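**Student:** Residue numbers (the numbering used here), protein chains in the order written: chain A, 767 to 918; chain B, 767 to 918; chain C, 767 to 918; chain D, 2 to 403; chain E, 2 to 403; chain F, 2 to 403.
Honestly, I wouldn't trust all of these hints.
Said to hold, decoys possible - Below, simulated EDC-like cross-link-like pairs (lysine to aspartate or glutamate); rule was C-alpha separation at most 16 Å, straight line: (1) K233/F - D794/A; (2) K341/D - E226/D; (3) K135/E - D781/B; (4) K234/E - E825/B; (5) K233/D - D781/C.
Everything labelled a hint here was simulated from the structure, so no lab data went into it.
Remember, predicted model here, so these are calculated numbers, not experimental data.
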Amino acid sequence: MDINKALLTGESLLDRLRDPSVDMSFGDKLAASLQVTVLGVFIVLIALVLLYFAINLMEKLLREPKKSATNIAEDKAAKAAATEPQEEEENLQGADEQNQQELIAVITAAIAASMETSTHNIIVRNIVRNTDTTPAWGKAGRVEQINQMHRM
Amino acid sequence: MDINKALLTGESLLDRLRDPSVDMSFGDKLAASLQVTVLGVFIVLIALVLLYFAINLMEKLLREPKKSATNIAEDKAAKAAATEPQEEEENLQGADEQNQQELIAVITAAIAASMETSTHNIIVRNIVRNTDTTPAWGKAGRVEQINQMHRM
Amino acid sequence: MDINKALLTGESLLDRLRDPSVDMSFGDKLAASLQVTVLGVFIVLIALVLLYFAINLMEKLLREPKKSATNIAEDKAAKAAATEPQEEEENLQGADEQNQQELIAVITAAIAASMETSTHNIIVRNIVRNTDTTPAWGKAGRVEQINQMHRM
Amino acid sequence: MVDVFIDFLGSTGFMNLTIQHVIMLVIACFLLFLAIGKGFEPLLLVPIAFGMLLTNLPLSGVMQPMTVMFEILTPGGGAEGVIETGMEIERVVQNPGGLLRHFYTGNQLGIFPPLIFLGVGAMTDFGPLIANPKSVFLGAAAQFGIFFTFIGAILMGFTPQAAGSIGIIGGADGPTAILVASQLAPHLLGPIAVAAYSYMALVPIIQPPIMMALTNSEERKIKMEQLRPVSKKEKIIFPILVAIIVSLLLPPATPLIGLLMFGNLLKECTVTDRLSQTAQNELINIVTILLGISVGASANAEQFLEFETIQIIVLGVVAFGVGTASGVIIAKLMNKISKKAINPLIGAAGVSAVPMAARVVQTVGQKENPSNFLLMHAMGPNVSGVIGSAVAAGVMLSLFGG
Amino acid sequence: MVDVFIDFLGSTGFMNLTIQHVIMLVIACFLLFLAIGKGFEPLLLVPIAFGMLLTNLPLSGVMQPMTVMFEILTPGGGAEGVIETGMEIERVVQNPGGLLRHFYTGNQLGIFPPLIFLGVGAMTDFGPLIANPKSVFLGAAAQFGIFFTFIGAILMGFTPQAAGSIGIIGGADGPTAILVASQLAPHLLGPIAVAAYSYMALVPIIQPPIMMALTNSEERKIKMEQLRPVSKKEKIIFPILVAIIVSLLLPPATPLIGLLMFGNLLKECTVTDRLSQTAQNELINIVTILLGISVGASANAEQFLEFETIQIIVLGVVAFGVGTASGVIIAKLMNKISKKAINPLIGAAGVSAVPMAARVVQTVGQKENPSNFLLMHAMGPNVSGVIGSAVAAGVMLSLFGG
Amino acid sequence: MVDVFIDFLGSTGFMNLTIQHVIMLVIACFLLFLAIGKGFEPLLLVPIAFGMLLTNLPLSGVMQPMTVMFEILTPGGGAEGVIETGMEIERVVQNPGGLLRHFYTGNQLGIFPPLIFLGVGAMTDFGPLIANPKSVFLGAAAQFGIFFTFIGAILMGFTPQAAGSIGIIGGADGPTAILVASQLAPHLLGPIAVAAYSYMALVPIIQPPIMMALTNSEERKIKMEQLRPVSKKEKIIFPILVAIIVSLLLPPATPLIGLLMFGNLLKECTVTDRLSQTAQNELINIVTILLGISVGASANAEQFLEFETIQIIVLGVVAFGVGTASGVIIAKLMNKISKKAINPLIGAAGVSAVPMAARVVQTVGQKENPSNFLLMHAMGPNVSGVIGSAVAAGVMLSLFGG
Ligand code: NA
Ligand code: NA
Ligand code: NA
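Next up, chain A with everything else stripped away, as it sits in the complex (with noise of 0.2 Å):
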């Protein structure tokens, strides 16, 4: 590797191989492509590793105290009892709010009953929200989603 030439003429190995007029030894291309792979695939860990501790900061700080499936079930039913109703006329929501929680004791069981574990291993708080906001051609569209996505 010709690392005098390049520190007298102090350009670097990636500007050489970025440059297309010059002609580089298998040797230097070598070290240059190297260098190209050290530098990506730090970039690609540190752009990650970032991720990793934004998503871990973002947890601890939305973070609520952890329940049991059935406890926050019971929880919502109370809330959404005590909900005024001014709130209920603005999201048209909270009316229905009741009824899910019903909804939830039942999908629970039903999913339990059909994976053979036992009801408060499963949180089902998030499933049932998620069906409330859609509406019904949105829940189609999410059941064929993961099919069609892997055809783009």
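Mind docking chains B, C, D, E and F with the ligands on chain A? Use the hints.
**Tutor:** Only chains B, C, D, E and F with the ligands this time, still in chain A's reference frame:
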């Protein structure tokens, strides 16, 4: 307001307002922008007055003698019965007209009941007309429409 | 028709027709445009003759031995029964094939009844084939299609 | 202040309205009436008529071309220097151009008509043509109207470019006519598009008398043999085959035929249903709106209110009639030669205008013999007529284009 | 190797982040919060805010213009020769330009706002306006806010082009404001678009106090006569009529009014349902995505974080308030003159912001008299307000454009 | 007359067909067979193969660039004068350009791939990644194949621009590969696109042997802990966060990551469902059609039938294999370090190819232990692989672009 200068140069206030190289006094600016306001409000008014007369003219030209809702319903039923078969084939809608007359009666009664007014204050002809030329998905769209609009 | 001139200059009639600076007599124009017509009709014909042979060739290469509708229906039912389970998983359609064989019988009978012809004149294999690979909304589309097409 | 109002009045369309504009507005409203009141091809006539309306409102500027100025930024070094070293030029938009002019670019660059064909392909079932390949001859025969009209137009004094574009009206295929006219005779695009779509809408009125005159009752009663079933494989291979054969024979037809067959392949292969659905719905609708309104906008008073327009209207109906007649005549001949009976009426469907021409055949045939179902038999010539007119368009583009 | 990492670090956005960028990112996130958390016009504020976010990430280059160089290929013959014979120029793309800059072209050329209007037209029912044509005066009155604000902006030192664009915020019509600003004052497009959509979302908060202050309880209780039914024919003729009249009076308003009415005609004529559905769904959605994100991207730190932005925010709310007030005042006057009773509240709906302003009228009216249904009566002024602000936009474009 | 026919024959594609063209047509038909007959990524391979077919029909001209001439209109005043005062230039279109060339502009300007990402974002659920943020390391690891292949390509003699584009094939992400290739090595776009999509389709064949070779039965049987539920708030904040962090770190990745996350935000915020639906359906379908057919059309015989294409095909599968392997190896390491058990198979999903790679993990895992459900666990590395390859693309663009 430097009217003399305007007269001398033959330049209107508006021209001077438009010209970025001309420095105008506060008074001149006020005068010029008032001029724009008068002109603008006037044009908007003309446009909408023209529309006003146009709509009135259109209404007069297209107007049919007024009838009470029940009469109209009867008339249309009669008309539907008298329609030649050829016309029915053409638009595929004539055939349903008879049924729709019955629907009118039902809807009228229903609306009247819910609004506690007497039947002949409500003219449902138009409502029915709309529904019969729109396919089912169109109807659904119509209902959601007023919700969608404000979002654009 | 000034053939001599054309011969002298080496310019064909068609070239002269194309050239906006050349004034042509009525006779020349007629001759030139007849030439275009002969050429055009000839090319259109060649194109479609080529297609004719191509379609025939394709049919011969792909042809299966002909069977009566009932036989085909039976064959397919047998085939469907014999299909390995693996294949069923793959396309998720094999499982329904049995039901569709029954559907064929029903549809064939229904069409036959409405057209007052005997059952074995109608080959429904193709109809069924189409329906089973198209989702429900696709079918709806197919039905409306012939109505939509003429409007484009 | 009074000056300002006078200035304003002078800038209104009212003060710049000419009798020509008024005539065009009346024509536009009449087309709207035909489209909406009479149901003539509304999906294209409504946009075309509305574009015609907007473009003929004086000073609206909707078809104004964009004007751009290039300013030389670095003149240093004198003329010779600049030419040697190159110069930096700044592009200054003086006028962003009219809305419909921007849409019109899609026609000028030949983008919109092939996209319409993509959608048409995704809607078309070529099964009847594959089942009865003889149909292609009827699809070829009906294109004779195109060339017959070409002769007429040349003799009337049109340039060959214009004559070719006018002839294509006889192909009874709107997008093809628009593509050819926009490439060969853009100044006639307005009348040609209007004529093409009007006659497509008038198929049920124009064709039956010609069909009745050229056939006798016995011929019209002929029942045809049931079409053989066509396999999925054949339907998938067909569009690929057609794209290759026609494009090799006539390269200028590639964009039209290529996208028609691409759309058909998307439909028939069944594994690209998402794309096929979009091609035959949203994409074709968006393009139809943009193409329709901008084609209409090309019909400004100066160019539309010419004697030429009347000539085009007349030539168009001739093209259409001759196409219908030659289709029927060839079908009669084929009936005499062929072993299998051919009902001559199906020749009329060769003019394209899918699927209306085929429906007309069905109606006329059933009037003579109520138990006769010619619809599927007529679809063969009908779809091969689409291919035929694309080929004819390729001939015109090849002979008189670029 | 260390050099390479230092080079890389220098090329990251982190090292080029200024306090201005950070402020803009915070504003963008706050707008996202308003749109998603509070439901303020999310369909446009989410794309606008996201565009604002992307454009203020340093070095992202999403709004970089395309740079093209022209190279002279055939300089032979010297300067004079070249100028006489013309020269062959090669167009070399040096930089393909940023993604959002390409989308932004649709705003610059005035293409996107009229396409939004096409979809809005296809969603709008002008029936209440046809049934009660007097509504037009309320739609006119509410535009006074536009011109009042124009005066204010001029006196604050804005150019007339900028002042006109700022005034249009008072028209309560996002696409109109974007069209005018992109033509007359592109450097202010960001703040104007944000202000326009924010105030449209704030209608339920801004309007009621003004409505309460200008009316007494008796007036708010007024019940209005049932609207007459409107025939399909009237609804079909109406958009054609409006397009002709408004475009003749004010040609620069043609793209907006023309496409609004074209969309409405597609809807009302019922024979072009395919096109109407696409216009009011996929087409408007696609354009909304592209317009929204690129409008947001025009709000870069350098231009947004200026004192002018605060002036625009203030002037915008003034425009809105004056518009509301003048609508209500004229409605009060009309109530006194007219034979039929007019509830002055419906004047407030003249500012556009369809259909929210009409809903606010309904809510305020029903609070006073629970059996009062003003919604349909308010839709008349509401839709005529859309026409009114398009006319006002035409006035601004006519006086200060090109 | 005979001359005319000879002229015509000479202008057909048949007479200009070379053996190279025939080979390309055969390849195109073979790709159609793979796509339709074997179900390999048909949504993109069908358009790509059809574009390849059309472009290799001689004289079709579908990829011909538009040629424009500039004519100097006002030469008065001599050379010096012109250069000082500027000159009026008229833009004359000599050839409107081929249809697929017009579509191709969307790739050249880098518009189509980000729009595909917009739709992909609107379809993707990042929940599994948020629930298990360690997945990001697997998404990072699998990108090693990209850089490994870069070395190989450089040593084989490719330019760094070409080598970078070829490496991205290992990212298993079609749109990313197309974006990078169209910017850095447009002459290799055809083979790179074909290789990228072919290998994405071949995931179920390429990956399992590598996964089996690098893991033992015990490892493959590992059951993973149930993922925690992810709140709506987290799902809304996530795309905003990712867009900011990745774009700040690597500005050239902004268009891809920005639009991926914009699409995801439109989906997750639930108040912009209209836009999300359009982004993941009609818009992505339209772009897929235009992108696919024009990418295919860039594979003309002259550039495709080179030894380089074979090199690219080989390098592509190497890139893919190394990516899979490094994902699995890092997952094995993480399993040893981490407190919670990690099934090494899920490392293979880091190559992107959403959601097929995750499905392959599920299948392989279940073969070993039928009660093991790895799908959701594999979705984390899978979607983080999409982000990872966009970052790698940014690195290549940053080092070797512009
Ligand atoms: Na035809
Ligand atoms: Na307004
Ligand atoms: Na990847």
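**Student:** Take the hints in turn and mark each one as holding or not.
**Tutor:** To see whether the hints hold, each was checked on the structure:
Pair hint K233/F plus D794/A does not hold up; C-alpha atoms about 51 Å apart against a cutoff of 16 Å. Proposed proximity of K341/D and E226/D is supported: the alpha carbons are some 8 Å apart, at most 16 Å. For the proposed pair K135/E and D781/B, the alpha carbon gap of about 35 Å is over 16 Å, so the pair is violated. Under the criterion of a C-alpha separation no larger than 16 Å, the hint pairing K234/E with E825/B is consistent with the structure, at around 10 Å.
Straight-line distance between C-alpha atoms of K233/D and D781/C comes to about 47 Å, which puts the hinted pair past the 16 Å bound.
Of the numbered hints listed earlier, those contradicted by the structure are 1, 3, 5.
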